[in-house]
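Build the complex from these two chains, which are given one at a time in their own frames, with help from the hints.
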Amino acid sequence: MSMPFYVSPEQLMQDKAEYAKKGIARGKSIVALEFDRGIALVAENPSSLSKIGEIYDRIAFAGVGKFSEFDQLRKIGVRYCDVKGYSYSREDVRAKGLANAYSQAIGDVFTRELKPLEVEIVVAEVGDDQLAGQEQNAMYRVQFDGSISDHTGYCVIGGTVESLEAYLQSNYREGMPLGEALRLGRDALSSANGGTPIAAENLEVCTLDRDRGGRKFRRASADEINDILGTGE
Amino acid sequence: MLFRGRYSGSSFSELLDVDFPQLRAESSSGLSQGRGALEIPHGTTVLAMRYEGGVLMAGDRLATAGHMVASRDVEKVYMADAHSLVAIAGAAGPAMELARLLRIELEHYEKIEGEALELEGKANKLSQMVRANLPAAMQGMVVVPVFAGYDLRRHMGRLWKYDVTGGRYEEAEFETSGSGGIYAKESLKKAWRPGLSSGEAIRIALQALTDAADEDRATGGVDLARGIYPIVKLATASGVEDVPEATLRQVYRERIEIARTPAVAE
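As you go down the protein sequences, you meet chains A and B in turn.
The first sequence begins at 1 in this note's numbering and counts up by one.
The second sequence begins at 1 in this note's numbering and counts up by one.
Pulled out of the complex, with its shape left as it was, chain B reads as follows (with noise of 0.2 Å):
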């Protein structure tokens, strides 16, 4: 059984279609047309923004179905290798489907090949797997990831935001993504400046997950009761890393003890 594969590249998802397709899932096929006729769980903020040490990306944790909340605390954030994160928003599950299938296979090149690809490369096959995705895109299941990294070749984070048709867009500063991504953008365009501190990119990013939140009903905010945070995850020259909860408690506790206290007339 071994060596009956067809298949002799470097791309899992290619092994995929052409030996295993019976593991790859039918995206579009069984879902009705019309609207509305499903609920599915659809996840919602997500952003990412370049800073001094590299680039960093973030998300809340809620997922909706339609009115109902699906999941308190899902991850929207994802690491997809070792200098990599992918961000998804939009369908839960092929959304989450597509994170998984990205890091597999972004190993799998590296393993086959002996060498990592580069973050260019990495991106650019999103963009592909985006793109198969359209079929369902097009009856609702609407997938748009935003990749970020560390350039090891040109020391300095980058990051991409894709469309439907698996366009591929390089951001210079910071991209959002999901339905409340139009409002932490907003938010995100007054506070940006080059040369951030890994600090401040902390402080904005969890600004403007609270401002989409505010304005989104379908973003989850900082969830005190239950103690559930966004997910922060930075990409740096020496690797992914999450930000603990701890410090984003910290970073939170200060953003409220700020906007309680009143101006000091002049």
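Bound-form chain A, shown alone (with noise of 0.2 Å):
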């Protein structure tokens, strides 16, 4: 008869945690900033394949780590508010529901499963001015056992979190036009990167623009990532 090895389960997440920050760390980083009409996704992305995603009428979607992973998060929640959206009203889908619904399914990976999720997620919302009650904006930060964390200004997912958070606490300030907070998230990414700045060819950028009509969401082409980086708005 064979004795099962005993694992503390201290021991255990320690492992899944260490396991799960390996995969995440090898990815680039992704920073999301509040500008003065909206939000901003900012990537690090030479491939075709997008790390940033919409989701539903005002609120956007980034991962990093892996990628088949965090890309069947986002279907999973495109899926989630179009059914809650359908089902209610559209007012009704919010980004805190739907990151407090990515905590529960990631943490419940995490301590269930053998294997954790390589993710880490950020869901952006866009506040509407037409809302009494909604005008503010939202970003929360899901990490890959699940716990959550809301974000002002900006929010940062990947593996160089602490010198990104340190880089944009000093050089953040609130009420940027968008070209300031291009610039601003592409020097921040270039920095964990050792300074050289990235071309505009290897970005990937989003915006959920408070102006818009109906879907705020938007992807930036490369020709408009180049205009909007060299514009003083």
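Check each hint, because a few of them may be wrong.
[To be verified] Mimicking PhoX-like on lysine-lysine, the simulated pairs with C-alpha atoms at most 25 Å apart in a straight line are:
| hint | chain 1 | residue 1 | chain 2 | residue 2 |
| --- | --- | --- | --- | --- |
| 1 | B | Lys125 | A | Lys84 |
| 2 | A | Lys66 | A | Lys21 |
| 3 | A | Lys84 | A | Lys16 |
| 4 | A | Lys75 | B | Lys185 |
| 5 | B | Lys185 | B | Lys161 |
Everything labelled a hint here was simulated from the structure, so no lab data went into it.
Now the structure itself:
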């Protein structure tokens, strides 16, 4: 008869966490930044597989880590929100509810399954000036073990969170125009890379723009990124 | 709860069928088969036509239930997505539901897949949705949409009509649907020609709806007392736009002027 090895729960969780962190650290970080008219999500991503996606009218998603896992999470988020909006109203679909659902689900996988999800995600929601009580932006970060936190100003996910947060803390200011926010995002990501500025064609940039009607999400093309980076506004 | 879904494709209606059957309208059950047993609001005349810049779609505002007015200001022409429109005629409840579902369906696909369906793909999806409504249609809840949009690959407006079985027919010029559709079609037949400007297209669309309202009691004309005008929308290369009420008011006034001016003897 074989005796199963005894592993203490502490050890088990620690091992899983280490495993997940290692997977996440392999990828590049992503920053989400509030600017005067919305939220910009900036990622270094030379490939055509997107890390940032649209979830609902005012909600965007970004993920780092294992692509297949966070892309699956993105799709699940779209389904969750579309069903919710269909059965209630579009205004009932909020980032907080979605981020909580993500947190539960990711936490569940972390405790129950052998292999944790090697992902970290951000759920961002832009406020709507027309909806009383929903004017504020919201950003939530959910980690591999399901722990969730909310952020104002900026939110970073990925392997280099500490250094990026330190960079943003000393350089971020409220009410920046989009061009400035985008340059800050690029410079922050570049600083984690040793300082060489990341070329526009290697950036993936999406915005949630308060001023757009209906669906606020927009993916910027390489030309648009270049234009925005170059402008003072 | 987030991971419990079994469906993994990119269609919203299939997602509902597989994972949320309780949200699917029980379209056919509970309805009596007898004629007129249940007075369900019906929407009436809609039309679509190609013009130089894309397609125009218009519909009157009246919904009737038997001989009664159910609503004077319903919308029968909807934006399906940034470049397409759907107009519905038939039982108002299921028709509005179909339009809403189509809109979510197209947006859902675009978000899941990262790119929008081609115009033909959208038309085909609608065809499947109409077919799914067939059991209800057999019991009188007939829904027949007209779908139109701007084809960004071919740089032109295109439009399709449907039958209750989901049959899909592309039309090169114009199409009408609903109880007053036949009168609107007769009107368009005489006025439509290739390469219409948007202004002319709006004018003949309004004329066709007025003709339909003249002959068909279930179609609403321009309601001057309440200030209710038909809904007219355009789908062009730059997207979907509403024709503002002020424009419709102006076009309608001019039409009345012309109609009231006596012919001059030669």
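Going down the list of hints, with the structure as the test:
no., hint, result
1, Lys125/B with Lys84/A, "22 Å, holds"
2, Lys66/A with Lys21/A, "11 Å, holds"
3, Lys84/A with Lys16/A, "33 Å, violated"
4, Lys75/A with Lys185/B, "44 Å, violated"
5, Lys185/B with Lys161/B, "13 Å, holds"
The structure fails hints 3 and 4 (numbered hints given earlier, in ascending order).
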